[in-house]
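Chemist: Taken in order, these protein sequences are the chains called A and B.
In terms of numbering that gives the first Met the number 0, the first sequence has 261 at position 262, counting the first letter as 1, and numbering is strictly consecutive.
In terms of numbering that gives the first Met the number 0, the second sequence has 13 at position 14, counting the first letter as 1, and numbering is strictly consecutive.
Bear in mind the hints are in silico, worked out from the structure with no lab data behind them.
Note that the structure is a prediction, hence the values are computed from the model and not measured.
No residue lacks a Cβ here, since even glycine has one placed at the ideal position from N, Cα and C.
Among these hints, one or two may not hold up.
Unchecked claim - In silico PhoX-like pairs for lysine-lysine, Cα to Cα no more than 25 Å straight-line:
#, chain 1, residue 1, chain 2, residue 2
1, B, K95, A, K266
2, A, K232, A, K183
3, A, K183, A, K266
4, A, K232, B, K44
5, A, K194, A, K183
6, B, K101, A, K266
7, B, K66, B, K251
8, B, K4, A, K101
9, B, K66, B, K282
10, B, K209, B, K144
11, B, K44, B, K282
12, B, K251, B, K101
13, A, K183, B, K4
14, A, K101, A, K232
15, B, K209, B, K282
What the hints assert, rightly or not - Derived DEER-like restraints, expressed as beta-carbon distance ranges:
#, chain 1, residue 1, chain 2, residue 2, range
16, A, L63, B, L20, 39 to 45 Å
17, B, P238, A, V166, 24 to 30 Å
18, B, L20, A, S169, 32 to 38 Å
19, A, M43, B, N235, 23 to 29 Å
20, B, G210, A, I23, 28 to 34 Å
21, A, F140, B, K282, 51 to 57 Å
22, A, I23, B, I70, 19 to 25 Å
23, B, I185, A, I23, 52 to 58 Å
24, A, I116, B, F96, 33 to 39 Å
25, A, V88, B, F46, 40 to 46 Å
26, B, G136, A, Y14, 43 to 49 Å
27, A, F111, B, F96, 43 to 49 Å
To be verified - From chain B, some residues computed to sit far from chain A (all C-beta separations above 10 Å):
#, residue
28, W9
29, V18
30, I100
31, D141
32, I156
33, F227
34, S241
35, M249
36, I284
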Amino acid sequence: MKTAPLNIGVRTLFYMILAVFVVIQVYPIFWVIISSFKTQAEVMSSAPYSLPGSFYLGNYVSMLQNSQIPTYFMNSSIVAVLTLFFTIVIGAPAAFAIEKMKFGAGNQVLAFFLLGIMIPIFVTLLPMFQIYNALGLRNTFTSLILPQVGFNLPICIYLYSGFMRYVPNSLIESAHLDGAGSFKIFTSIILPMSKNTTITIITFNFIFIWNEFIFANTFMTSSSMKTLPLGLKDFVGLYGFTDWGATYAAITVTILPTLLIYFILNKSVIEGMAAGAVKS
Amino acid sequence: MTSNKRIEPWLFVLPALLVFLFTVIVPIIWSFTYSLYEWNGIGDKRFIGIDNYTRMLTDNVFITSFKNNLIFTGLGTVVQIVIGMTMAVILTSITKFRNFIKVIYFIPCVISSMAISQIFSKMLSINPEGVVNATLGAVGLDSLKAAFLSDPNLTLIIVTLVDAYKFCAIYMVIYYAAFLAISNDIIEASVIDGCNWWQQYIYMRFPLIKGIFFITVVMLVSGTLKGFDVPYILTNGGPGASSELVSTYMYKVAFNSVNYGYGSAIAVFLVIECLLIVTLIRKLISKVDVEA
Chain A
0 MKTAPLNIGV RTLFYMILAV FVVIQVYPIF WVIISSFKTQ AEVMSSAPYS LPGSFYLGNY
60 VSMLQNSQIP TYFMNSSIVA VLTLFFTIVI GAPAAFAIEK MKFGAGNQVL AFFLLGIMIP
120 IFVTLLPMFQ IYNALGLRNT FTSLILPQVG FNLPICIYLY SGFMRYVPNS LIESAHLDGA
180 GSFKIFTSII LPMSKNTTIT IITFNFIFIW NEFIFANTFM TSSSMKTLPL GLKDFVGLYG
240 FTDWGATYAA ITVTILPTLL IYFILNKSVI EGMAAGAVKS
Chain B
0 MTSNKRIEPW LFVLPALLVF LFTVIVPIIW SFTYSLYEWN GIGDKRFIGI DNYTRMLTDN
60 VFITSFKNNL IFTGLGTVVQ IVIGMTMAVI LTSITKFRNF IKVIYFIPCV ISSMAISQIF
120 SKMLSINPEG VVNATLGAVG LDSLKAAFLS DPNLTLIIVT LVDAYKFCAI YMVIYYAAFL
180 AISNDIIEAS VIDGCNWWQQ YIYMRFPLIK GIFFITVVML VSGTLKGFDV PYILTNGGPG
240 ASSELVSTYM YKVAFNSVNY GYGSAIAVFL VIECLLIVTL IRKLISKVDV EA
């Protein structure tokens, strides 16, 4: 018995409020996806809330032919994979050192990283822009990967150290007695044990990276290097007023990967985003 | 051996520390230095002390964007708390489809602000007519039809609501998890004592999640003070400065007007503003906590 019993009237009212909220929340997404299957004639003449008459794929064809969306898709994927890789590869050992290596300054180092969660990224844009300009790094993947690794590290280290804190010290001590060095213990015991934390970090960070706008908008000006959010902006700028069908198709394509990952791994996505939010 | 042991942890944290220093900490210090200069990025820098900061006081666009930001923060915080809490309370009270509804409701959180802004820009369009105006027409409310995104009286409210739309589900998830974490014994005892549903919330559940609730207030205020994506993409701060926020104005000053000194000063202002308000809220909360 988890709740006090509710009478049937109140319960019905609850389901009705719920239905209204859920419809408002989901409709815009549903609408853009179904609208992407409308023919040009349907987009022009039928009411915008009507359903398409058939499963028309022409918008996708013209969107793929007339734009660099496939390039943007590729760029976004490269940035996401490399950012995640570097975040994990340098974040996990840091958390291990902080929690499990008898590290005198461990707590201070953790607190220092957690400062990063409070920092608005705007304050770093101009100096980074200057540095990248001087080093010729604008319009390179590095210019997007580096700052995103930097800003994702605090939450990554926070989540890893939250998990590793509860790994029993006796496990590490006995591995030491067996002659394993710290690096070996980290790679063959701690990292495999942290698998769930790694999955959580990867899934919710993937969503942030895939959706990232400000760094890309600031550092990527060459159209061959743009990521999907920026590319979508360009596409809408070019075709948004003439070809609405293709615009809907383009929007749908950009949101598909995150939706897919979300539906497969929604538990870790929700957990990660909620934990990340609470910490900030 | 001992000195080796002492150095070893540093080797593990060094890569992370270097990247973090280079991409987060150094640029902050750098920004602060820029803010004391007049500089367009190419010519000579001229040291002008705090002139960039005093300039904010007389810059009407900045003052407008600051006021707008307060509305964006106040309204956004209230709307997201109300929606998140309502959803969490209902989810906790129903028995069927809980997880399904939670997962569905969370969808906007995983979609980019770019996609969401583009969707709403199409839905709110007047010419050609978007879903909202077409629906208003279809149900006979033609008088409510409007060019929503070019009406300076509406744009600030719209960007606030679209931003709230994108993020409110996070608060539902947080409150819902907090409700579920309350020990069953407490709730069962209250049922035995004859608490009805409403009393259960007023006397047990709301007080028990007070800590989490205060955390979400801090999160929302600091998050909305830094709000950028939706206003920048959906209305670009316009028309005029009607939906300009501090962050979007800072971006324009820095990258469109290429006024690096003044832009950095606004960015530093944003950092200090966030830290001050968050500290203030934390103080208020701990005071309330002690008194309660």
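Chemist: For B:M249, is the shortest beta carbon distance to chain A beyond 10 Å?
Modeler: violated, 6 Å
Chemist: Is the straight-line distance between the alpha-carbon of A:K232 and that of B:K44 25 Å or less?
Modeler: violated, 34 Å
Chemist: Going straight from one Cα to the other, do A:K183 and B:K4 come out at no more than 25 Å?
Modeler: Holds: A:K183 and B:K4 sit about 15 Å apart, inside 25 Å.
Chemist: Does B:K282 sit within 25 Å of B:K44, going by the straight-line distance between their CA atoms?
Modeler: violated, 40 Å
Chemist: Taking C-beta pairs only, is B:V18 more than 10 Å away from all of chain A?
Modeler: Incorrect as stated: the minimum Cβ-Cβ distance to chain A is 5 Å, not above 10 Å.
Chemist: Holds or violated: A:K101 and A:K232, Cα atoms, limit 25 Å.
Modeler: Between A:K101 and A:K232 the Cα gap is close to 50 Å, so the pair fails against 25 Å, i.e. violated.
Chemist: Does B:K4 pair with A:K101 here, judged by a C-alpha cut-off of 25 Å?
Modeler: holds, 9 Å
Chemist: When you take the CB atoms of A:L63 and B:L20, is the distance between them in 39 to 45 Å?
Modeler: Cβ of A:L63 to Cβ of B:L20: about 42 Å, so the range 39 to 45 Å holds.
Chemist: Starting from the hint 43 to 49 Å, judge whether the C-beta atoms of B:G136 and A:Y14 obey it.
Modeler: At 30 Å between Cβs, range violated.
Chemist: B:K66 and B:K251: Cα distance at most 25 Å?
Modeler: holds, 17 Å
Chemist: Evaluate the given range 19 to 25 Å for the C-beta pair formed by A:I23 and B:I70.
Modeler: holds, 22 Å
Chemist: Could you see if the CB distance from B:I185 to A:I23 stays within 52 to 58 Å?
Modeler: violated, 34 Å
In summary, the numbered hints that this structure violates are 2, 3, 4, 10, 11, 12, 14, 17, 21, 23, 26, 28, 29, 30, 33, 35.
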